[in-house]
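Generate the whole structure from the sequences, applying the supplied hints.
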Amino acid sequence: MPETLWTVLKVFIVVNVVMLHVAYVVYFERKVIGHMQARLGPMRVGWHGLLQPIADGIKLFFKEDIIPSSADKPVFYIAPVIGVIAAIASFAVIPMWEGFSLANINIGILYLLALSSIGSYSIILGGWASNSKYSFLGGLRSSAQVISYEIAMGMSLVGVMMLSGSANLTDIVNAQSQTWFIVSQPVAFFVFLMAAVAETNRTPFDLPEAETELVAGYATEYSGFRYGLFFMAEYAGMFAMSAVATVCFFGGWKGPDVWFLASIPGVVWFLLKIYGFIFFYFWIRATLPRYRYDQLMGLGWKLFIPLALANIIFTGLIKLL
Amino acid sequence: MTAPQLFFAYFAVMITVLSLLMITRRNPVHGVLWMLVLFVHIAGLYIFLNAEFLAAIQIIVYAGAILVLFLFVIMLLNLKKEETVKKFQKHWLVGVGTGIIFAVFSVSIVRKIEVFPQLGKYTIEAVKAEGNIMTVGKVLYTKYLLPFEIASVILLVAIIGAVVLAKKRIE
Numbered sequence: 026m027p028e029t030l031w032t033v034l035k036v037f038i039v040v041n042v043v044m045l046h047v048a049y050v051v052y053f054e055r056k057v058i059g060h061m062q063a064r065l066g067p068m069r070v071g072w073h074g075l076l077q078p079i080a081d082g083i084k085l086f087f088k089e090d091i092i093p094s095s096a097d098k099p100v101f102y103i104a105p106v107i108g109v110i111a112a113i114a115s116f117a118v119i120p121m122w123e124g125f126s127l128a129n130i131n132i133g134i135l136y137l138l139a140l141s142s143i144g145s146y147s148i149i150l151g152g153w154a155s156n157s158k159y160s161f162l163g164g165l166r167s168s169a170q171v172i173s174y175e176i177a178m179g180m181s182l183v184g185v186m187m188l189s190g191s192a193n194l195t196d197i198v199n200a201q202s203q204t205w206f207i208v209s210q211p212v213a214f215f216v217f218l219m220a221a222v223a224e225t226n227r228t229p230f231d232l233p234e235a236e237t238e239l240v241a242g243y244a245t246e247y248s249g250f251r252y253g254l255f256f257m258a259e260y261a262g263m264f265a266m267s268a269v270a271t272v273c274f275f276g277g278w279k280g281p282d283v284w285f286l287a288s289i290p291g292v293v294w295f296l297l298k299i300y301g302f303i304f305f306y307f308w309i310r311a312t313l314p315r316y317r318y319d320q321l322m323g324l325g326w327k328l329f330i331p332l333a334l335a336n337i338i339f340t341g342l343i344k345l346l
Numbered sequence: 318m319t320a321p322q323l324f325f326a327y328f329a330v331m332i333t334v335l336s337l338l339m340i341t342r343r344n345p346v347h348g349v350l351w352m353l354v355l356f357v358h359i360a361g362l363y364i365f366l367n368a369e370f371l372a373a374i375q376i377i378v379y380a381g382a383i384l385v386l387f388l389f390v391i392m393l394l395n396l397k398k399e400e401t402v403k404k405f406q407k408h409w410l411v412g413v414g415t416g417i418i419f420a421v422f423s424v425s426i427v428r429k430i431e432v433f434p435q436l437g438k439y440t441i442e443a444v445k446a447e448g449n450i451m452t453v454g455k456v457l458y459t460k461y462l463l464p465f466e467i468a469s470v471i472l473l474v475a476i477i478g479a480v481v482l483a484k485k486r487i488e
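Those sequence lines, one after another, are chains H and A. Going by the working numbering, 63 is the number at position 38 of the first sequence; the sequence numbering is gapless. Going by the working numbering, 391 is the number at position 74 of the second sequence; the sequence numbering is gapless.
Because the hints were derived from the structure by calculation, they are not lab data. All values reported here derive from a predicted model rather than from experimental measurement. The C-beta atom is built at its ideal place from N, Cα and C for all residues, glycine as well. Please note: incorrect hints may appear among the correct ones.
[As the list claims (entries may be wrong)] A partial selection of chain A residues facing chain H, derived with a Cβ cut-off under 7 angstroms: (1) Tyr363; (2) Ala373; (3) Ile376; (4) Ile377; (5) Ile383; (6) Leu388; (7) Phe389; (8) Ile391; (9) Gly448; (10) Glu466; (11) Ala468; (12) Ile471.
Structure (structure tokens):
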């Protein structure tokens, strides 16, 4: 029994840490993009706007929850919840430091892929249930985009699985104690990074919520806390993808084994690497314009999937020799 | 009842209930959603049987790809008319007949299954020691290589067929 309690406590802590990160990453994003555009970002609430996420959270929580009269109510209610659950459940298999993951399962990578495919339902259903043209178009775009890029993402991780000989995320990190997989799998990393951006519907692949064409895409009819849930799902998804990239290509919790750096605990390295990826997300958002929809699909099917396939064959040949 | 029995009972009952819910919904999108919940439960049953790889594939392939395509087609067709049509059409008797024939076949097959057969090479312990993915991969690419390749070719034929059909409309 104490073991069950301990597990529940661990789950509680991890979920709360993730939620806190999700709240503050929005602040971080506004600051980073603000400074990239020679602005200051949020400054009013608290010192340098540090209390802004809390104010935003309270505002979202107490706003009226408006539901369109012709919406499909049960589906409308449940759509954002699916997204949040899928995004947060991804953290169950991520090894955060030596020997710590909520569930150390052998099919870790497949579990993550399965959850990301469940998560896409939230956007499709949210778009459909709203009964609005903008939402519906956003939902349809998203379903096509997510299916296409999921293939590329899955295949880019095959190379990692082949090198480490396992789909268990802890084994994958341990297989990188000599060299990180970014060195031996640069093509796979590139494909994974692009697919991760597309999977989380971020700029330059944020067609499902393209503000200039679709108002807010699938989330147009959502307000109050349900909108907040979509928001949380997107940012938690970004953290999940960054964590997967860290674990599969950047050696997870492992840091350089020299001098005083060796004494820094693994979780610090793990978080630092994740923050690096999150910064990358914001960086490209401030830099790149949005793709056109046919360009996005062409890129996915004609470049990333063949690249990932070629990478699998190449890795197989190298392993054989 | 022991814990495994309870577990199985839950999944068996839920799978039956969800299948019924799925085929009785007026709104096709709701039908697809119950099917999604059904697939998740089937995956749960696979985990219960120590086939975690199959469970993950069940979700990735069926829930992640096939069902999304279902949704896509249903949403694009806009089946508003379907919702007003009566549930029992005049050919319901044919449906019942087909159902009964299928049920008879299923029962006769299920009766032939030995409940406690002689244990083969792939016991739970053996699979666990080698890992799920490794075991499936080894069997699939050695013993069942030909059927596997034949299945791939059939899928390839379907893909080419779809491309040909799609091309025709443009010309």
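Consistency of the hints with the structure:
no.	hint	result
1	Tyr363	violated, 11 angstroms
2	Ala373	holds, 4 angstroms
3	Ile376	holds, 4 angstroms
4	Ile377	holds, 5 angstroms
5	Ile383	violated, 10 angstroms
6	Leu388	holds, 6 angstroms
7	Phe389	holds, 6 angstroms
8	Ile391	violated, 9 angstroms
9	Gly448	holds, 6 angstroms
10	Glu466	violated, 17 angstroms
11	Ala468	violated, 18 angstroms
12	Ile471	violated, 19 angstroms
The structure does not agree with the numbered hints 1, 5, 8, 10, 11, 12 stated previously, though it agrees with the rest.
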